[in-house]
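A.B. asks: Make the full structure from the sequences, and use the hints.
FYI, the working numbering numbers position 42 of the sequence shown as 56, with every residue one higher than the one before it.
Hint data in this document are derived by calculation from the structure and do not stem from the laboratory.
Treat the hints with care, since some could be wrong.
As the list claims (entries may be wrong) - Cβ-Cβ distance ranges computed for the label pairs, FRET-style: (1) D59 <-> W38: 21 to 29 Å; (2) Y60 <-> G33: 22 to 30 Å; (3) I35 <-> Y60: 29 to 37 Å; (4) Q44 <-> M15: 17 to 25 Å; (5) F57 <-> M15: 53 to 61 Å; (6) F40 <-> F20: 25 to 33 Å; (7) D45 <-> I22: 29 to 37 Å; (8) Y60 <-> M15: 54 to 62 Å; (9) D59 <-> V30: 28 to 36 Å.
C-beta: ideal position from N, C-alpha, C; glycine also.
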Amino acid sequence: MLDKIFFIIACIIIPVLWGVIVNWIFNQWQDRSNNNSDDDYIFPDYQI
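C.D. replies: See the structure below:
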């Protein structure tokens, strides 16, 4: 029974941690690209 509880907890925690880590890495990468691209052409945001 304890194995099933640990499995359920792992199935919830591992994807959440993966999402947090990927989001943090993406934010770090985006901040670096924003600091270095001051002279780059800025594409307009076209939304419908």
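A.B. asks: Output the numbers, in ascending order, of every earlier hint that fails for this structure.
C.D. replies: When the structure is compared with the hints, only number 4 turns out to be violated.
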